[in-house]
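S.K.: Quick note, the sequences are listed as chains A and B, same order.
Per the numbering used here, the very first residue in the first sequence carries number 43; after that it's consecutive.
Per the numbering used here, the very first residue in the second sequence carries number 1029; after that it's consecutive.
It is worth saying that the hints were derived from the structure and are not from the lab.
The hints are all genuine.
Across the chosen pairs, the derived CB separations fall in these ranges: (1) A:290 - B:1298: 28 to 36 angstroms; (2) A:290 - B:1085: 22 to 30 angstroms; (3) B:1365 - A:290: 25 to 33 angstroms; (4) B:1135 - A:412: 37 to 45 angstroms; (5) A:114 - B:1133: 46 to 54 angstroms; (6) A:169 - B:1278: 32 to 40 angstroms.
The model shown is predicted, which means the values in this text are computed figures rather than measured ones.
Glycine is no exception: its CB is placed at the ideal position from the N, C-alpha and C atoms.
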Amino acid sequence: MADPAKPLDGIRVLAQGIVWAGPFSTMILADLGAEVIEIESIQHLNPTRTNLRHIPQALLEGRAGASYLNRDGSEGFWNRQAWFNYAKRGCKSVTLDLRSERGHELFLDLVRHSDAYIENNAADVVDNLNIGYEVLREVNPELIMVRFPGFGIEGPYRDFKGYGANMEAVAGHTGVRGYPESDPSETPASLHGDPTSGAQVAFALQAALFSRDRTGEGQLVEISQFEAVASHVGHAFMDYQMNGRVQGHAGNHHPSMAPYGAFPCAGEDRWITIAIPSDEAFAALCAQMGRPELAEDERFADTAVRHRNRDAINAEVAAWTPAFEDHALMLQLQAAGVPAVATTHHEEITSDPHHVARGFFQSITQHEAGTHFFPGPMARFERTSLLPARPAPTLGRHNEEILCGVLGLNAGEYQQLLDDEVIGTVYLETASA
Amino acid sequence: MTGPLAGARVLDLTQGVAGPYATKMFSDYGAEVLKIERPGRGDASRRIGPFPRDEPHIETSGMFLHLNTGKRSVTLDLATATGRELLLRLAADADIIVESFRPGTLERLGIGPDVLAEANPAAALVRISSFGQDGPYRDFEADDMLLYAAGGVMQVTGDPEREPIKLGLYAPLFFAGCVIAGMMMGALRTSLRDGQGERVEISIHEVLTASMDRGGPNIVAYQYSGALMIERIKNVVYSGLPTGVYPCADGYVQVATQPAWFPRMCRAMGREDLIDNEHFTSNVFNPDFLPEMEAIFYPWVLSHTKQEVMEIAQAEGWPVCAINTVEDAYRDPAFRARDFFRTIEHPVAGTYEYPGLPIRFKRTPGEMHVAPLLGEHTFEVLTERLGHTPAEVAILGQRGVV
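All chains, full assembly: derive it from the sequences and hints.
M.R.: Below, the structure is given as C-alpha cells:
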C-alpha cells in the first residue's frame, strides 16, 4: 500500500532559520516533506553560510576552514560549506531584499501562498522589516508563524544575542556538565541548545497545523532556546528545591551507577564508555576482566556501596581497558551483557558497521560541492519513505521556480528584479552579516 | 487552557527519559496521554530521583514528576493475557501508539505491530529504541552517555588531554525526545490523512549521529576537507579576539566574539579608542594576537559580575552571557519576567516550581498539570473508557493485572 506522500507534503514553509537552531528545524521539516523556502538575500550574509563576504586565508587554513570544500575560499564558497549544506538539505533558496519595496511586496505575496513562516532572526528584525505577525496575519489569517530567537521575543533578554553555548550557560546546563572539580573554562562548549530548539520548532509547527486543521485558524508561536534547555535540566531545578542542592559539574559521573565513565583503550585517543546499572552487569564485567573477586569485594558488593567507592572501582576498570582495541572490547562486553560502547570517531562513522547495515548514511549530490555522505532522516516511515534526500540549495537557486512558478511573475518582471538587485545568486560586494 | 493538540489521543508505552519527554510535549500541549505502567514498579524514572530529603519514594522522583506532567497513569501487566487484551482495547481508541521497549519485546509479548494494527488499523505506531529495530547493535545495552558516545559527538567534547566528556545528566535523551515528538507529529499527520495508519521507527543512536550539536556538520566537513572542523581542543582559538569561557568578579561568562564584532566589544569595554586602531583591527583574525587582546579584556571582565558583564556587553550587541549555576538560573530575572516556572502541587511530593513550557502557542497555549500517581487513572479508564464494573476492576487488581 505505497503512499508516496510524505507527512508534510503540500505544506509550504517560508524560513529564515539561521545559525544552528534554525537549520536543524528546517532539516526536519524538509525531511518530513515540507516545501521549505529559505528566504535569503544578496545584501545580507546568511550566517549559516558565512559571516564574512570574503574568507581570510588564515581562517581557511585554520580549524573553521575545514568546513569549506577543499578549503577553497573563492567566489561561491557560501555554496560549498558544511554547516549549511548539511542542515539545509531538501530546502529551497530564494533571495529577496526585504528592505526594498518590491522585495517586501513579494515576500507578503509569498506569505499569502504559504502555510507557515519560521524565523530565528534577532528579536527586533521582523518588526524592523515590517513583517511582524500582525502584518502577516492581515495577509494570511491562516498563517502559522514560529519565532525562536535565543531568548524569545519578550522579556528582559529579548534583544540579547548568543549562540547555543550562551543560552546553555544562562539556563544552567553549563553549570552541571563539565569536568568535576574544575572551572567551566576547562570544558569546551557543547551545542545542546540549538538542535533542541530546532527540533521543538519542527514539533510546534506541526502541532499548530494540527490545530489549524480543526479550527481554520493560524497563530503565532514563540520558542526560546534558554527555556528549552532549562527544561532539560529540570531534575536539577527539582533537586535545588527539594534538597537545597546546587548540582555542580558532574563530569562523567552518574548519580547512582558505578563503575561509570570513559576508559582508555589501545591506540591514540581511543575510549570505551561503560555504564554499570546492576549487580548482574557488574559481575559480568568482573568476569570479563578475569577479576571475579571484585564482585565479592565489600567495597563493591552492591550498587550503593559501589557508588560510594566509585573512584576505586573506576580505577580498576581504567587499569584494565588499555590492553584492548575499543571496538573489539565493545563487542566482547556487550556479548557478555555489559553496557559498553566505544566513542565513535567522526572520521570513521560513515563506515560504522551498524550504520552500514541499516543504511543510515545517504549519498547526496549538491550542485557545487559534489557527492558526499550525509546522516539520513532521523526516523523511518514505513509507508511514506522520507528518501531520497535532496541537496541543500545554492544561494537563490529557486528564485525563478518560486517567483515565476508560484507568484506568477513574467520574464520581464523577473529580469527587472535581477537588474534592481532585489534578487540574485551572488552576494553583493557590500553584503554584511 | 486548551493546547493545540486538544483531541489527539496518545497511548504511551514508553519509559525512561526520551519517550516520556516526547509524550510530555504532547500532554503539555493538549493531547490526552494514557501512560501504561507496570503494576507495582511503574516507570524506571520513578527510581531516578532526585527525591525530597533524598528519601527514595515511588511517587516523588523529581525526574518522573518533571517528565510526566499531565499524563494519566494506567497500570497493566502486559505479561498476562488479560493485561494485553485491555491494552489492545485501549489501543483501539488511540490516534498514536508509542513504545520504547527493547527491540523484539512487543512481538514476544504477542502485541507486535501487526496485532496492534489489527486492533486499530488507523493509528500511527512509533517505535523508539537505542539502536533501532535491526542491525548488529540492535540488542546493545545503553544509556545516555553510551548513546552520546556512539553518536560520535562525545569523542569531540572536552579537553584533548583528558577523557571525552558527556553532557548534563540525560541531556542527549531529552534532545532525542524533542526530535521524537516532531516525528510523532509527522506519523500522526500521515495516519490521519487517509486513516490507514503509519509505522515509524526511531533509533536514538541515529538521532544523536545526525544532531546539529556539531556532529552532522563535522561529518560533512571531514569529507569536504579531510579534516575535522571540531575536535577536543583545550582552547579553541579561531581569531585574535576572546571567545569561550572567561572568569569575572563572581564566576564565569561565556563569550562569543566574531571578528566583525570587534567594535561592539570595544564599546562595551569603554575602549572606543581601539575601534579604528590599525594595530588591533589588522590583527582580529590573528590567533597569536589573542594574549595582547586579553591583556585589555581581563581587567575589564574581572571587575564586573557575570550579570553585569552580560548586560553591558549585550547592550552593544556583543553575545556574552553569564554561566549560571542551577540556583542562579532558578532566580534568573528573565525566567521570572517570562513566568517560565510553573507551580504544581503534588499530593505526595509537595509543591514545587517546575520548568515550564518552552513553546508558547499564543492562541492555544496549553498548560502543565501534575504528574500521575502510579495507576491513578486505572479505575477511571477501565470503568469509563472500557465499560468494566468496579467489581471487575477490583478482581483485576487482586490478580495483579492492574
